[in-house]
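Protein chains: 2
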Amino acid sequence: MPDFSQHRIKPGQKVDLRKTETDGRSFEPDRDKCEREFRTVREELIELQERLNAESRQKLLVVFQAMDAGGKDGTIRSVFKGVNPQGVSVTAFKKPTEQELSRDFLWRVHMAVPANGMIGVFNRSHYEDVLVVRVHNIVPESVWKPRYDQINQFEELLTQSNTTIIKFFLHIAKKEQKQRFQERLDDPAKHWKFDREDLAKREYWDDYRRAFEDMLEKCSTKSAPWYVIPADQNWYRDYAVCSLLVDILKKMDPKYPTPPDLSDVRIED
Amino acid sequence: MPDFSQHRIKPGQKVDLRKTETDGRSFEPDRDKCEREFRTVREELIELQERLNAESRQKLLVVFQAMDAGGKDGTIRSVFKGVNPQGVSVTAFKKPTEQELSRDFLWRVHMAVPANGMIGVFNRSHYEDVLVVRVHNIVPESVWKPRYDQINQFEELLTQSNTTIIKFFLHIAKKEQKQRFQERLDDPAKHWKFDREDLAKREYWDDYRRAFEDMLEKCSTKSAPWYVIPADQNWYRDYAVCSLLVDILKKMDPKYPTPPDLSDVRIED
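Those sequence lines, one after another, are chains H and R.
The numbers in the first sequence follow my numbering, run straight up by one, and end at 273.
The numbers in the second sequence follow my numbering, run straight up by one, and end at 273.
Heads up, some of the hints might be wrong.
It does not matter which identical chain is meant; a pair holds if it fits inside one copy or across any two.
What the hints assert, rightly or not - Pairs of lysine to aspartate or glutamate residues, derived as DMTMM-like cross-links and limited to a Cα-Cα distance of at most 20 Å, are as follows:
1) K85 to E47
2) K194 to D153
3) K179 to E104
4) K14 to E47
5) K182 to D268
FYI, nobody ran anything at the bench for these hints, they're computed from the structure.
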């Protein structure tokens, strides 16, 4: 198993995504092996989630961000396949509604944080407010700039309330994005997935890249680290994400509740 | 495949749960066959949910109620195993909080209804407010009695907003409950699941039974029917629930969105 912790961004580390590997084969070239070990590690995830749920004293928050077609949906589908849906809540953050916009940017996010015993998965997140919002000048710099600190403080609050946080940036090459868009174009069954807006956003690739770099540099803290996952190959990506989730759940070490003394119990007919 | 629609309670039908079968073998004695067909039908469920999600114009609400140890958690775990967790939201309704109690009983339920493209699963539901609440006199009859109509009207509102509703009462025999409690007692690994309160509620079995009968008689409407699923055998129960979900999803007939004309699209490098 590759040492997936190498994908972690250390606090204070400079990030240049152009020099950061998107190709999983550089870390593990054997696809069959990855797929096989992924299935094994997913069984562990299923087991650990059952324990987390039974214990019901702590929770795990998993954040996914990526360029368009970076594989957020696919990762969530394949990593959490088989996990008891009662213990997982997935929130996909879309363009905010008027109601949401008339509060602070963390309002809707706070409402979606996981409860004890749960794994909360964010498909996009509060980080959009320093990504799309920044790149397209939806709010002025004086508003988005303080958000890095606000985010760190918010995540710290969650951490101090028994939430473990792990954040994944799924990193694909620009040419991989092109290929994925092209596949959607070539396959009529996938046309409905194609969004012209995604193509428009592709023209801002470098602006997005810089915004992602800032996010990774400013918000990868000791208690809420970012991982940059090479995501050109789905099989490496899924294996890496799932393994890191299992590692962190093992550290959380959820335990079945101490059984009460039941020696006096008799069940009547 | 047995005709699972026979478990449906027709509007106006009288219900005597003492005379209603809890043994799935009366309908299909072949366990292996059930387990095999269940796996097939679950693949269909996974596929239909993907379509529902892609279409994103309607939603399915699935309600589970049962006596304690009736198998609500187990059914949810096994029927929805493998379904993309991004398309399913499970809400387990516990004892209401003070905040919830200071609103009407449908307030917290309304907040949890599924959005377009989603399957919403209720593990317990607003029906607790005519079950436990009624049996233990938590509110006076003048309060719980009007709730049957209030529930029907609420469900009608959901139905008229593109929600399809299906409700399952998992029906176990009193001796089957005893056996399940006993298994939890005999296996120290399951002690933490044992709740003395469940045992106290067992003494009210007949009161609960009557409350369930009323619920089934008064609230099985054409658009939001109740099914009484024989649930002594998990393998029959899971197969029946999953098949009925697939039937209803087929009737909903979710379609992939009409693909836009993309013939002019070129992706730049």
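Against the earlier hints, flag every one the structure doesn't satisfy and list their numbers going up. The structure conflicts with hints 2, 3 and 4, although it agrees with all the remaining ones.
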